[in-house]
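Mind docking chain H on chain G? Use the hints.
Heads up: the sequence lines are chains G and H, in that order.
Per numbering that gives the first Met the number 0, the very first residue in the first sequence carries number 0; after that it's consecutive.
Per numbering that gives the first Met the number 0, the very first residue in the second sequence carries number 0; after that it's consecutive.
By construction, these hints were calculated from the structure, which means they are not laboratory data.
Glycine included, every Cβ here is placed at the ideal spot set by N, Cα and C.
Coverage of chain H stretches by chain G, computed from C-beta distances (three or more under 8 Å per stretch; other residues unrestricted):
id: 1; segment: 356-368
id: 2; segment: 450-464
id: 3; segment: 504-517
To spell it out: a stretch of chain H is covered by chain G in this simulated footprint if at least three of its residues, at any positions, have a beta carbon under 8 Å from a beta carbon of chain G; those stretches are:
id: 4; segment: 252-262
id: 5; segment: 372-386
id: 6; segment: 520-526
id: 7; segment: 540-554
List time: in silico DSS-like cross-link candidates among lysine-lysine, alpha-carbon distance up to 25 Å:
id: 8; chain 1: G; residue 1: Lys432; chain 2: G; residue 2: Lys479
id: 9; chain 1: H; residue 1: Lys339; chain 2: H; residue 2: Lys134
id: 10; chain 1: G; residue 1: Lys479; chain 2: H; residue 2: Lys69
id: 11; chain 1: H; residue 1: Lys479; chain 2: G; residue 2: Lys69
id: 12; chain 1: H; residue 1: Lys361; chain 2: G; residue 2: Lys135
id: 13; chain 1: H; residue 1: Lys339; chain 2: G; residue 2: Lys451
id: 14; chain 1: G; residue 1: Lys69; chain 2: G; residue 2: Lys135
id: 15; chain 1: H; residue 1: Lys186; chain 2: H; residue 2: Lys221
id: 16; chain 1: G; residue 1: Lys479; chain 2: H; residue 2: Lys339
id: 17; chain 1: H; residue 1: Lys570; chain 2: G; residue 2: Lys221
id: 18; chain 1: G; residue 1: Lys361; chain 2: H; residue 2: Lys134
id: 19; chain 1: H; residue 1: Lys221; chain 2: G; residue 2: Lys570
id: 20; chain 1: H; residue 1: Lys144; chain 2: H; residue 2: Lys100
id: 21; chain 1: G; residue 1: Lys135; chain 2: G; residue 2: Lys296
id: 22; chain 1: H; residue 1: Lys186; chain 2: H; residue 2: Lys196
id: 23; chain 1: H; residue 1: Lys361; chain 2: G; residue 2: Lys479
id: 24; chain 1: G; residue 1: Lys451; chain 2: G; residue 2: Lys432
id: 25; chain 1: H; residue 1: Lys451; chain 2: G; residue 2: Lys339
id: 26; chain 1: G; residue 1: Lys361; chain 2: G; residue 2: Lys339
As a plain string of letters, each chain reads:
Number of protein chains: 2
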Amino acid sequence: MNIVPIINTNDAVVPPPEPNSDLQGVNVISIKDNDSLAARLAVEMKADLLIALSDVEGLYDSPPGTDDAKLLDTFYPGDQQSITYGNKSRVGIGGMEAKVKAALWALQGGTSVVIANGTNPKVTGHVITDIVEGKKVGTFFSEVKPAGPTVEQQTEMARTAGRTLASLHPDQRSEIICGFADLLTEKREEILSANKKDMELAGNGGRMTPAMMNRLSLSSSKLNSLAIGLRQIAVSSQDSVGRVLRRTRVANNLELEQITVPIGVLLVIFESRPDCLPQVSALAIASGNALLLKGGKEATHTNRILHELAQEALALHGVRDAIQLVSTREDVEDLCRLEKMIDLIIPRGSSQLVRDIQRAAKGIPVLGHSEGICHVYIDAEASIDKVIKIVRDSKCDYPAACNAMETLLVHRDVLRAPLFDQIIDMLRTERVKIHAGPRFASYLTFSPSEVKSLRTEYGDLECCIEVVDSLQEAIDHIHKYGSSHTDVIVTENEETAEQFLQQLDSACVFWNASSRFADGYRFGLGAEVGISTARIHARGPVGLEGLLTTKWVLRGDGHTAADFSEQGSMKFLHENLPVAHPLHGQRTSN
Amino acid sequence: MNIVPIINTNDAVVPPPEPNSDLQGVNVISIKDNDSLAARLAVEMKADLLIALSDVEGLYDSPPGTDDAKLLDTFYPGDQQSITYGNKSRVGIGGMEAKVKAALWALQGGTSVVIANGTNPKVTGHVITDIVEGKKVGTFFSEVKPAGPTVEQQTEMARTAGRTLASLHPDQRSEIICGFADLLTEKREEILSANKKDMELAGNGGRMTPAMMNRLSLSSSKLNSLAIGLRQIAVSSQDSVGRVLRRTRVANNLELEQITVPIGVLLVIFESRPDCLPQVSALAIASGNALLLKGGKEATHTNRILHELAQEALALHGVRDAIQLVSTREDVEDLCRLEKMIDLIIPRGSSQLVRDIQRAAKGIPVLGHSEGICHVYIDAEASIDKVIKIVRDSKCDYPAACNAMETLLVHRDVLRAPLFDQIIDMLRTERVKIHAGPRFASYLTFSPSEVKSLRTEYGDLECCIEVVDSLQEAIDHIHKYGSSHTDVIVTENEETAEQFLQQLDSACVFWNASSRFADGYRFGLGAEVGISTARIHARGPVGLEGLLTTKWVLRGDGHTAADFSEQGSMKFLHENLPVAHPLHGQRTSN
Numbered sequence: 000m001n002i003v004p005i006i007n008t009n010d011a012v013v014p015p016p017e018p019n020s021d022l023q024g025v026n027v028i029s030i031k032d033n034d035s036l037a038a039r040l041a042v043e044m045k046a047d048l049l050i051a052l053s054d055v056e057g058l059y060d061s062p063p064g065t066d067d068a069k070l071l072d073t074f075y076p077g078d079q080q081s082i083t084y085g086n087k088s089r090v091g092i093g094g095m096e097a098k099v100k101a102a103l104w105a106l107q108g109g110t111s112v113v114i115a116n117g118t119n120p121k122v123t124g125h126v127i128t129d130i131v132e133g134k135k136v137g138t139f140f141s142e143v144k145p146a147g148p149t150v151e152q153q154t155e156m157a158r159t160a161g162r163t164l165a166s167l168h169p170d171q172r173s174e175i176i177c178g179f180a181d182l183l184t185e186k187r188e189e190i191l192s193a194n195k196k197d198m199e200l201a202g203n204g205g206r207m208t209p210a211m212m213n214r215l216s217l218s219s220s221k222l223n224s225l226a227i228g229l230r231q232i233a234v235s236s237q238d239s240v241g242r243v244l245r246r247t248r249v250a251n252n253l254e255l256e257q258i259t260v261p262i263g264v265l266l267v268i269f270e271s272r273p274d275c276l277p278q279v280s281a282l283a284i285a286s287g288n289a290l291l292l293k294g295g296k297e298a299t300h301t302n303r304i305l306h307e308l309a310q311e312a313l314a315l316h317g318v319r320d321a322i323q324l325v326s327t328r329e330d331v332e333d334l335c336r337l338e339k340m341i342d343l344i345i346p347r348g349s350s351q352l353v354r355d356i357q358r359a360a361k362g363i364p365v366l367g368h369s370e371g372i373c374h375v376y377i378d379a380e381a382s383i384d385k386v387i388k389i390v391r392d393s394k395c396d397y398p399a400a401c402n403a404m405e406t407l408l409v410h411r412d413v414l415r416a417p418l419f420d421q422i423i424d425m426l427r428t429e430r431v432k433i434h435a436g437p438r439f440a441s442y443l444t445f446s447p448s449e450v451k452s453l454r455t456e457y458g459d460l461e462c463c464i465e466v467v468d469s470l471q472e473a474i475d476h477i478h479k480y481g482s483s484h485t486d487v488i489v490t491e492n493e494e495t496a497e498q499f500l501q502q503l504d505s506a507c508v509f510w511n512a513s514s515r516f517a518d519g520y521r522f523g524l525g526a527e528v529g530i531s532t533a534r535i536h537a538r539g540p541v542g543l544e545g546l547l548t549t550k551w552v553l554r555g556d557g558h559t560a561a562d563f564s565e566q567g568s569m570k571f572l573h574e575n576l577p578v579a580h581p582l583h584g585q586r587t588s589n
Numbered sequence: 000m001n002i003v004p005i006i007n008t009n010d011a012v013v014p015p016p017e018p019n020s021d022l023q024g025v026n027v028i029s030i031k032d033n034d035s036l037a038a039r040l041a042v043e044m045k046a047d048l049l050i051a052l053s054d055v056e057g058l059y060d061s062p063p064g065t066d067d068a069k070l071l072d073t074f075y076p077g078d079q080q081s082i083t084y085g086n087k088s089r090v091g092i093g094g095m096e097a098k099v100k101a102a103l104w105a106l107q108g109g110t111s112v113v114i115a116n117g118t119n120p121k122v123t124g125h126v127i128t129d130i131v132e133g134k135k136v137g138t139f140f141s142e143v144k145p146a147g148p149t150v151e152q153q154t155e156m157a158r159t160a161g162r163t164l165a166s167l168h169p170d171q172r173s174e175i176i177c178g179f180a181d182l183l184t185e186k187r188e189e190i191l192s193a194n195k196k197d198m199e200l201a202g203n204g205g206r207m208t209p210a211m212m213n214r215l216s217l218s219s220s221k222l223n224s225l226a227i228g229l230r231q232i233a234v235s236s237q238d239s240v241g242r243v244l245r246r247t248r249v250a251n252n253l254e255l256e257q258i259t260v261p262i263g264v265l266l267v268i269f270e271s272r273p274d275c276l277p278q279v280s281a282l283a284i285a286s287g288n289a290l291l292l293k294g295g296k297e298a299t300h301t302n303r304i305l306h307e308l309a310q311e312a313l314a315l316h317g318v319r320d321a322i323q324l325v326s327t328r329e330d331v332e333d334l335c336r337l338e339k340m341i342d343l344i345i346p347r348g349s350s351q352l353v354r355d356i357q358r359a360a361k362g363i364p365v366l367g368h369s370e371g372i373c374h375v376y377i378d379a380e381a382s383i384d385k386v387i388k389i390v391r392d393s394k395c396d397y398p399a400a401c402n403a404m405e406t407l408l409v410h411r412d413v414l415r416a417p418l419f420d421q422i423i424d425m426l427r428t429e430r431v432k433i434h435a436g437p438r439f440a441s442y443l444t445f446s447p448s449e450v451k452s453l454r455t456e457y458g459d460l461e462c463c464i465e466v467v468d469s470l471q472e473a474i475d476h477i478h479k480y481g482s483s484h485t486d487v488i489v490t491e492n493e494e495t496a497e498q499f500l501q502q503l504d505s506a507c508v509f510w511n512a513s514s515r516f517a518d519g520y521r522f523g524l525g526a527e528v529g530i531s532t533a534r535i536h537a538r539g540p541v542g543l544e545g546l547l548t549t550k551w552v553l554r555g556d557g558h559t560a561a562d563f564s565e566q567g568s569m570k571f572l573h574e575n576l577p578v579a580h581p582l583h584g585q586r587t588s589n
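Isolated chain G (complex conformation) (with noise of 0.2 Å):
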């Protein structure tokens, strides 16, 4: 590629030299200044790309700093009467109205062209490379206007149906998850014959496994399950939006209401499930948030589909725009530069997945589980039945999953016991691969393969066994190499697992039950959102709490901060008041 960077650091005057009669079919461009030059030099030698620096971020609707400016990532020759230019620009000549000028100059020679800021210290020096490289810097221009709304204006009309979807009844919100339940059996040829064509283009690629195609596809059985899932999700969101949590009488006639509000604007990313959408979706209209949703490439077909049905629910109350699709070929990192209009971010996928957007979202919350290295920890006094059930269902019961066992802690004492060679023959009838921890391989005169790290989530059938002395060693290894996802205790010693349940600060703590309990659904917490490893919001299993916030409304009449100063009339009561509605997490079970 022919690249010509220009750094506009002190624009110059340079006189007009005369008119090239080689460049044919393109308008005369009089050179007077760096911006000109540069565009004519790039078309003169047939670059594919002008990259211009400038000292502001790139090309605003309106002039940078106003209220209303927002950076335009692409501009289109079109969209020249929608720009209003300041009175002035920083430096004489070569001014943002120059800089678009020679771009549009360009851009008719057959050159595209980027304006972006070459100034920033943080990015100075790979500015260029990450331009090169197609990430979103700064303003591209392009001949080629797309059919679609961009990704910024896909966020402004979610959030704005959004607003409208939190205010309608819990009745309306109800209606619009069950009409696209109904329309997932109802257009259930549309859905399978999409999904076909997804996994056609799949299997042909040849890339994907079995485990892969099967995640993919979708079946009669799916959609029906999809459906029914739908509805028990839709009478969870009678009772989500508005409920208050918390009434105080402040004074007299100035009362105060906590209640629960949706988040906003949610972004989910999901890999190649198609059936997450529908879920995601449901989970999103009965919270009234809006929802941003990127899909893996390899269901490209299904996704839309799905997505046009959830939209025409939707429209069943006006609010087709709260849930937007956004293109496969938007960068997670080019959506977490949407720092100020999305609040939070749901990777649903690998442990990598959610790794890589924690990393990638500058600001955003991250709602997800980066890693599950989850211990069963065996107590001197455990008994022999309770750990072969719960190590191997821990372990066995479906070992991808993040709530599986990586790591059996063993009493010291336990060794010596026929409990442990029997725990060994389980592991082995199950055809669990073991990896001895250091200390378990010193006691052995042949020992497995030492593990490389106690911090290991093999997310198979694998496991770490180590030896520790103490129920304190037990906690301290635990808080040292787990990830406070989900540790167990077995033991017959109420007091020993009273102590490790208090003591143990992971967001789930068993005793004498499998770490597969940590989930959503097992928790009869009702349609679950995820499992959260972050210290704050909501931790561990969230069900649709983990989508809502709050807001403090009050009701006076007249009153004032002063009216309870020293010098004040009044006085404050802070009196509890009942709540109406049942409370935080208090459903009833009917």
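Just chain H, lined up with the frame of chain G:
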């Protein structure tokens, strides 16, 4: 400064030259690779600093990638025994051991050394400027070992002691806080004399305004009210950690509890006001959190003694280290590097401080309000008396507060009413400077200065007035220009009010009450942690609850997930059980 950067891309064997007799008092170094060559060259050139760029972040105490490896930010010659080198380096010669040897040799010769990563694509080109600017990058080799622990060690100590603090009985945490309150009055003399020292130094500097001096100063009466405040926090601490929020019978003999637990390690950054230290410490103790405190430089002596007293109180139950005072030399940016060690950052100070920290805090959540652009909207059906009272209080009660009014939105009909002149008269009497929004300016023959931006937080006796046509326009204006902090409607029409309260997407929405009520104390939350404009975790005024998260405790009897499969013998009950304690936010008012 004389700096020699050496980029270690590909080591080649360099034949050792003759020993140079000029280098007296320095051991001989044989030049075997570019590290030793660089060291030799740097010392010969009498360079102040040698920067050796490698493909790892710096020097680790164990081979990088092993479970316990920690990057050393400073390395002292005496520490060499505590380092374990890997068996092999990726590049034959010039591994880390060779680098350290060369670095120590250079150090002896009077040249400081930094070993850092030069291959990270995001920092190449800046790593050198960062190092020259004194940022913590890589490992710095220094002759002088500081007396105290490093900030990493402090954080580790705090976390460990914090875990013990969290496991104390609520009465014990309460005792610590009361003990601290007692010390504030008992050690009054020492505190005031330390404070006097700070005041003198600040006064001599001459750069502090009277308001800043006032914030810095302590007095007997300030200490008394601090002690009273602490005893109130001690009371509320009884009911914070270990509170059961939810109980579910998942199945027979399988019971789930969701209980409150501390978040972990908090970093609180506060500006000159030293009374912040006891308050924040008490809140951390009450919630069982470990705490890193970073105070303003101008309050060094006061903060030091207050911190000593906090530790004296903590020692009562063996948790002295749970609260650590971080040196004022530590950069906020460097503290934010401790991403995996700090769970929540709370900036207490100007919104500029909060914004700076939000920018620096990569990955660590920040609890705070970056902006308070609060609106009061005067509806066409507002009562004159209430308008005057509420606007005066919202703007003038304490204009520097984040919950003060910045923009007064007026319904078009009000402009023509006598009420409007009364508002203007009142604002003039209160010496409030008025700026006109563009729409308001267009209505006037002679208008006050037009606002530069409708998003301005004046923080002073200044405000913007703008005109809207309808409730919907008011809501749209606030959504567009507000900061979702606190917004008020004044109207006698209940339906209009309820629409405003329902549709407006702000942390606090008030009807006929001053914006100044957006405050933890006024809301009756007890101790106030701060006000948050974040949308997740905690929103609006935050009480002790904002410093808590939850964990899930499951008690079973050998239960496995397989028991509940289609072939299994058990069924989920998911029966909600009553909780013994007062519920989330439902503290009784006795």
